[in-house]
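Peer 1: Below, each chain spelled out in residue letters.
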Amino acid sequence: MKVLVPSPLRSYTGAREVEAAGTTIADVLEDLERRHPGLRFRMIDEQDRMRPHIRFFVNGEQVFELAHRLREGDSIQIVQALSGG
Amino acid sequence: MVAPSRRMAAGARRGSAPARRPRPRPAPRTLALVATRKGAWLFHGDGARRSWRADGPHFLGHVVHHLVLDPRDGRTLLAAARTGHLGPTVFRSTDRGRSWTEAARPPAFPKAPEGEQGRVVDHTFWLTPGHASEPGAWYAGTSPQGLFRSDDGGATWMPVAGFNDHPQYRTWVGSEQGGTPDGPKLHSVLVDPRDAAHLYLAMSSGGVHESHDAGRTWAPIVRGLEVVEGFDPANLAFHDPHCVRLCPSAPDRLYQQNHCGIYRLDRPSDAWVRVGKGMPERIGDIGFPVVVHPRDADTAWVFPMDGTSVWPRTSPGGRPAAYVTRDGGASWRRLDRGFPRRQAWWTVKRQAMAADGGDPVGLYVGTTSGELWASRDEGRSWACVARHLPEIYAVEVATP
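Top line first, the protein sequences correspond to chains B and D. Going by the working numbering, the letters in the first sequence line up with residues 38 to 122, in that order. Going by the working numbering, the letters in the second sequence line up with residues -2 to 397, in that order.
For reference, chain D alone in the conformation it holds in the complex (with noise of 0.2 Å):
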């Protein structure tokens, strides 16, 4: 970034150039990457994240779960789809959405051996590229319940043996009717930036849990994660993590939106410490989003619902609004100025929100209702981008 300042300031020493403003360099240029129940968007943004031009439809009826651009070339793009009647898939761009690819090989369990019951994936839920250190290394959750790995950019996958055959799977996952009303799902994978072999990944339901070997082995990591009142906190399988996200500035914290609560973790220590006892009585800390800043590990939001009675899954009393905690959990604060005031009926789903690296943060969040909108000051103020599209499955933003 100071290159062209310094570039400037030798040649105006050496006499050859009369001195001149460094012209400021343009800001980044956001892409929005919205996946939703009937197909997906790319929403490319000016420099100052004001105006979108709207790319799509991309797979117009495809569900698409996820759609997810490579930060190691900023070009490479991965979207996980299915249509309702036909397979999972998983297709790929390298031009940034202007041609695709399918998968030659998506993510799918190995053939079971005569007379065994096999899994099937039914949709590839989660996609998370690999280490800074391994181009082309991808990782995908699907449900149900399963972790697999690519190497070649995405065009084939190889499932993830050591989780997806750990002799504890079953009691982890439990029964194939638990976890979400469309299938339990595998989320939230998680790779330190310090280490390509250091992963986390979460299921709904069937908890958090940590591999340091590459995926080979795995450990729960639940301690102080509640589950629902009556039920035994010891059973893998009555855990139900909503979303994990860790701290690029501080990769020893994470942060937890789950079925029981908002949670911090700060490894070494294994305890997870429930931090959403801070939010106002009558919102509740129950979501499904979490993101956290990119350089303040501190600093970090929810999309609280209404996780009341039969979980109506709407924004509470109708009226949507982030939260965000500025001490590591300690307090919240209502963020709604620009969202509807009341009758406002949708919520955000756990892949649906997302912070982009500006300065201030950017944050987006596509709604059940189809809404795309944003805040270009860490959550003061949010503007509707895009009404109208189909139930927004996931939101991803990058600056390629």
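Pulled out of the complex, with its shape left as it was, chain B reads as follows (with noise of 0.2 Å):
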């Protein structure tokens, strides 16, 4: 599926769009992972919780779980908040 990636982590993927698979957010981490190395730990801390600053929506609808489920077809937009100065 594809997933939208914000400009901070551009300099991982090289590109604003990319593509991965999992049947959840945290199997399309994995993956991104895989492919990208050293881009799940700026996004998910050690304890597999959700950097504050970092959000993750489906379709348009922001998710909170990184066992929410994937249906074939779902697109994935990572955001960085905006917020500080």
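Bear in mind the hints are in silico, worked out from the structure with no lab data behind them. The hints are all genuine.
Estimated spans, in silico, between C-beta atoms of each pair: (1) B:116 <-> D:110: 27 to 35 Å; (2) B:48 <-> D:102: 15 to 23 Å; (3) B:52 <-> D:245: 44 to 52 Å; (4) D:339 <-> B:116: 42 to 50 Å; (5) B:97 <-> D:228: 47 to 55 Å; (6) B:89 <-> D:327: 47 to 55 Å; (7) D:209 <-> B:56: 51 to 59 Å; (8) B:116 <-> D:25: 43 to 51 Å; (9) B:118 <-> D:25: 44 to 52 Å; (10) B:89 <-> D:44: 46 to 54 Å; (11) B:50 <-> D:245: 38 to 46 Å.
The calculated SDA-like cross-link candidates involving lysine to any residue, where the alpha carbons are at most 25 Å apart (straight line), are: (12) B:39 <-> B:116; (13) D:108 <-> B:101; (14) D:35 <-> B:117; (15) D:108 <-> B:102; (16) D:35 <-> B:74; (17) D:108 <-> B:103; (18) D:35 <-> D:101; (19) D:108 <-> B:85; (20) D:35 <-> B:49; (21) D:35 <-> D:72; (22) D:274 <-> D:308; (23) D:35 <-> B:87; (24) B:39 <-> B:73; (25) D:35 <-> B:48; (26) D:35 <-> B:118; (27) D:35 <-> D:311; (28) D:108 <-> B:83; (29) B:39 <-> D:82; (30) D:35 <-> D:179; (31) D:35 <-> B:77.
Note that CB positions come from ideal geometry on N, CA and C, so glycine has one too.
With the hints as a guide, dock the two chains, each given alone in a separate frame, to form the complex.
Peer 2: Here you go:
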């Protein structure tokens, strides 16, 4: 499925949109890590929690659990929350 | 250093070449490594330490807490970085900053068992190259307080369980809310140059600790240190060492700039002595950095700040100055020639003051207002090397 990557993480992917596979957000992140090493830890901490300023959207709806199940054709958008100065 | 002139003398005696004066060996170039809130810069100095060439920014937009050159090979650089939004990592260069790669496994606490709250590294704060006998070994101190070790030049990092999982860890570090405004920190990881297994570290907050077995076991070493008035110095969580340095010329001597004064420790004693009492009363002995002379253990420098009332953390009176002791802390002398005389409200963070190995020693400070200052004469006079950088978090200096 297609994953939209925010600009701060494109040094890993080299592209705004990349492909990844998986049946959950966690699976997709594992696949992204295989394809783009180092990417996952910038978004997910060592306790497998989303970092405070990272958001995941599936088909435009925000999801809060890495175990969120995905369906064929879903699109994922990763967003760096707008905050700070 | 003497080999060239010996060869020349031998040649002259054989009559094979006219006697010539040996060409003076060029002074080593100096590299100042500047880590800031918005990236890192390398300042290449000439042999005289008069002119400087800026190389940067590296990692523009990253919060870089520490940038350190490996003195064992003179070319490996590690940078502790994160952004305001992305998680922490460590970048590595093996060509002195021309190219960088990211650590495959940055410092991270172990995953907690199901149902337990695990710790999360917010940022790596401190980097220390390991002992000369352990090429590739590095230590990292993090926020919240954690100690990590790499044995492959910073590519992968493992927790030092002997410290991070010590039964007394929680009583040492206190609550998550303890420590500095942007998070409690483990810093001042010191390796005894005589013994790779002998380590010190310090925590804001959490006190100073020592290991004699490469980090497997630890013991606090806080006797003599004061804590904020009204609190119990027996509680490690109230101890706030800001910076601890070990004298390379006399590794049994340590200096410490603490939240509550300047201290010295001479081993095997375990009692710190407050040597900041000799500072002028109007200045006080509060600050963040302390640096030591590479060859004279009686000489150390500090950069005091205003630690009164609400702790403005500015130069006292808006007049920045370093202070030097030449007698182990018995007396202190103000060093402010070249610095602004008034209305300069910056100060210097705990990692942002460094000394080189030159003779006379060169000193370097990076300011909270983004200026890099240098002295070529052990602090007697200062000149601004760079202005308008982001807030400077750390300055290290090397002669690669």
